[in-house]
Structure formats: C-alpha cells, structure tokens
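Assemble the complex: chain A is given as a structure, and chain B must be docked to it using the hints.
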Amino acid sequence: MSDPAALHDQDFVNRLPHCRALGMVLERMAAGRACISMPWDARLVGDPRSGVIHGGAISALMDTCGGAAVMSLPGLRGSATIDLRIDYMRPATPGQRITARAECYHVTRSVAFIRAVATDGDAEHPVASATGAFAIERAGGGDEKPDAPDTRGGAE
Amino acid sequence: MTPPRPAPDPVQVVKQRRDAALAALVDGVPYIGFLGIRFDRRGDELTALLPFDAKLIGNPDLPAIHGGVTAAFLEVAAIVELSWTLLWEELEQGRIDPAHLRPETLPRLPKTIGFTTDYLRSGLPRDAYARARVARSGRRFASVRVEAWQDNRDRPFAHAMGHFLMPGS
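These protein sequence lines are chains A and B, in that order.
Okay, so the first sequence: first residue is 1 according to this note's numbering, each after it adds one.
Okay, so the second sequence: first residue is 1 according to this note's numbering, each after it adds one.
Note that these hints are calculated values from the structure, not bench results.
Some hints could be false.
Said to hold, decoys possible - Label pairs and their calculated CB-CB ranges:
(1) Pro8(B) to Glu137(A): 54 to 62 Å
(2) Gly95(A) to Val11(B): 25 to 33 Å
(3) Ala20(B) to Asp41(A): 23 to 31 Å
(4) Ser169(B) to Asp41(A): 22 to 30 Å
What the hints assert, rightly or not - Computed from the model, here is a short list of chain A residues facing chain B with C-beta under 8 Å:
(5) Arg33
(6) Ser37
(7) Gly56
Here a beta-carbon is modelled for each residue, glycine too, at the ideal position from N, C-alpha and C.
So that you can see chain B by itself, here it is in the shape it has in the complex:
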C-alpha cells in the first residue's frame, strides 16, 4: 500500500512562491525598470507589458515608439521568458527556496548571441504587450521566438527571434 500523498500547498502559498521568484528575476535588472516593463503571470505563462511613456517615442511627428525600444522590449521579454522557464523547473521541484531569492542569488542570466527584429507596423503611442516562446532549449544554446502587439492580438507590430548562450556554458 502506498503511503498517503502529502496535502498540496495552499493556493496562496504557491502563488506567493512563484510571484516572489518572478519578482527576484525582474526587479534586479535596472534596464527593465528604466523602460517600465512589467510581467503578468498566469500559471507559468508570462505576458510582458510596456506601458506607454513619452520617453519611449522615436519619431515625435507620428508619434511612434522608437524601433530600438521595440527591439529592447522583445529582447527583455525573450530573456525573462527563457530565465523563467529555467527557474520554474528548479522552483517547482523544490531545488530553489524563493524565500532566499534575491537578484544577487539568482542563477545567472542567459546571454544574447544574436537578435533579429522584424518591424511589421508602426508602434503606436499606446501600451504594448509581448509573449515569448522557447523554441529550443539545450545545454549550451537556446532559441526564443517573441511577438509584440498593441490594441489587437491578431495584429502584431513586431516579432523577433533570438539565440542565447545558456548560463554557465
């Protein structure tokens, strides 16, 4: 006879643990704060949010979000998604204690090798959203696809593909 399974953690405990881990990952990076990027979490799915701000404007005549900001937003979303995927495993299997997670104790971040951004539409002076998907995650390299949209989910204004060097390799 198998021993009775331990009761699962209460939902609030689980949420707190995951949110703490995500905060440690995001809050430690000054550039994410500089651009004002936040992350919305539903289970393991992350959505990056870029609230509109006047300092993000490239062309003041249109006005449009700076193409470099768009690329940066996509790159941040891709790196955080990749790091989060790595962290999630550790967290869920109890190998990382979120109570002691600080930006300086987190596993090292992946490094960008190459990043290619395609601009599909002009970035409007409105909030933007992005979701990334790890296309391949290996021991040394990982590849991430990421897409950003504004008012309409079916009309992305940019997408990108990035290749990353895994931490510790």
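Isolated chain A (complex conformation):
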C-alpha cells in the first residue's frame, strides 16, 4: 500500500528539474525537518585531480534540503531562499553518497530560519554545514498580510 504523504514528499524533489538532474532522493520530510541524499557523479566533479564534487552541487543539495524542511511546516503555500551560507569543512570523499539534513529552528510570520549539515560515508565528520533564511508564503494568506516577499529568491 502506498502512503499518500510519502508520495507527496517524493514529488517535492521529482517536480524540480534540477533536483532530478542531480539524482536527489528525498529520504524524509516532516515537521520542519528534511533529509535528502545525492549520489556521487563524475559530472559534478569540481577538482579533476582529486575527483571531489564541486561545492556548487553541495549548495544545490543544501538549498533544496533547507527548502524541504521549510515546506514541511503546516499551512505554507510557497517559500524562496533569501540567503544561504555554507561552510565547507572537508572535501567529500569521491564515490560516496552525500546526505543533507536540515531543520527549521525558528519561524516568524514571513521568514523561516534553517540550519543544515551534509555528510558522506563518514557521518561523524560533516563535509559542510549551512544556515539560511527563507521567505515564506502562508496558505490562504489574505488575512495574514505577510511582508510581501514578492519575487525574491531561489529554489522553491
């Protein structure tokens, strides 16, 4: 039997063409938290001599995962990245899958704040960490009057 909620979750990634291009898989998405993984891929290599994946691909994973954590909150219609800061702690090991986990640690009427961590096969030593702010649009927002996040933003 298929779980309709899980189906909706997988759609979150499948609907986004760039996430499909990167082979992202949504592992979990609920109550302000999300987990998304991405396989190592030779096309994403940033340093040909080491085979390490480019930071930009990690950015795409972090942004998507942060957006998924935000969109898992109840009553939201849309969100858009305002800013995203990523710190790279060490190169991701070539050949290993990268997994990002994001949590939304604070929400106001119009902004959601997230932090995220990315790991490879060695989950004890993260590859990268991120913090971000997302503009949010609440469902049926006519009476909510959010601070018009207008046309900002990146991914979601």
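Frame of chain A, contents of chain B only:
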C-alpha cells in the same frame, strides 16, 4: 644607451596564449560543463555566462532557476576569477608556457572555505551573467565578491561573498 626593446608579440599570439590558458582552467572541470557555464574574456576581465537550460529550473511553476544553481554559478565564477588572477601573473611574466597547459598540469585550484549567497530577485528562465572581483588575495586566504544579473546589469538577481584557501597552503 639602453638596448632596443624586443618587439611585442603579435596580438593574435597574445590572444591565443591567454585563451589557451583560460580554456585549460575551465575545460578541465566537469561540473562547469554540466551546468553549461562559459567564460567571455576581454583582456584580463572575465564574464561568466550561464545559458538557460531546462535542467537548471528549481520551481517549475514560476519557472525560476534553482537557488542552488544560482549559488553554484556564483561560486564557479568566483573560483575561476581567483584562479585566473593567479594564472594571469604567471602567464604574463612568462613563467607558464600555455602550450603545455593541460587541466592536469595547471596549478591547483583554491578551495572554498565559506560561501554566502544573497538572493535579491527570482532567477528568470533566461541566460545569466556574473562577474567576480578579488577583494583580497593573500598567501593563505583570498576573499572574492561576485554578482550575477540577467537582462539588466543594474538589477542583479544574486550576489555572494566567498572565502578561499589558496592552493599549496
């Protein structure tokens, strides 16, 4: 009396040398090719070009370029600008022979320490451009500012600041 100065290289030779060095820097990175990023060179000034492609879309409803693609584009533009600045010196002073420049013989690339992207507007389904400026370049660390725009140069859709660890440090 000073000896006569040697004649400068013909313009085509100079251009070929610089273009070969830039190509060696850019063509060796698979991810730059995956996103379809190209570089336009005028003297030492680089402009990064991101031709629009359906696989760059994040939100299909708007549609808008994925925020991660925007960040990646800015990071690629920043790293290439920083590497190009380092390479330019070597090249112009004749310490590097571009005839033997291959991706595997190039100096190592700087490593990103931290990268912060501010999203100012939605990335439209159109070509995007970016220019980076090295704000500080030291022995161990460098800082680069980078800005991206689409139709209108005065309306950037994102900008970013990155800190990098210099190669060999």
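Quick rundown of the hints versus the structure:
Take Pro8(B) and Glu137(A): their Cβ atoms lie about 59 Å apart, and the range 54 to 62 Å holds. Under the hint 25 to 33 Å, the C-beta atoms of Gly95(A) and Val11(B), about 46 Å apart, miss the expected range. Between Ala20(B) and Asp41(A), the C-beta spacing of about 29 Å keeps the proposed range 23 to 31 Å intact. The supplied range of 22 to 30 Å is met by Ser169(B) and Asp41(A), whose beta-carbon atoms lie about 29 Å from each other.
Restraint check, Arg33(A) versus chain B: the minimum CB separation of about 19 Å is more than 8 Å; hint violated. Residue-level restraint check for Ser37(A) is violated (minimum Cβ-Cβ distance to chain B is 15 Å; threshold 8 Å). Hint on Gly56(A) holds. Least Cβ distance to chain B is approximately 3 Å, under the 8 Å limit.
Of the hints listed earlier, those the structure fails to meet are numbers 2, 5, 6, in rising order.
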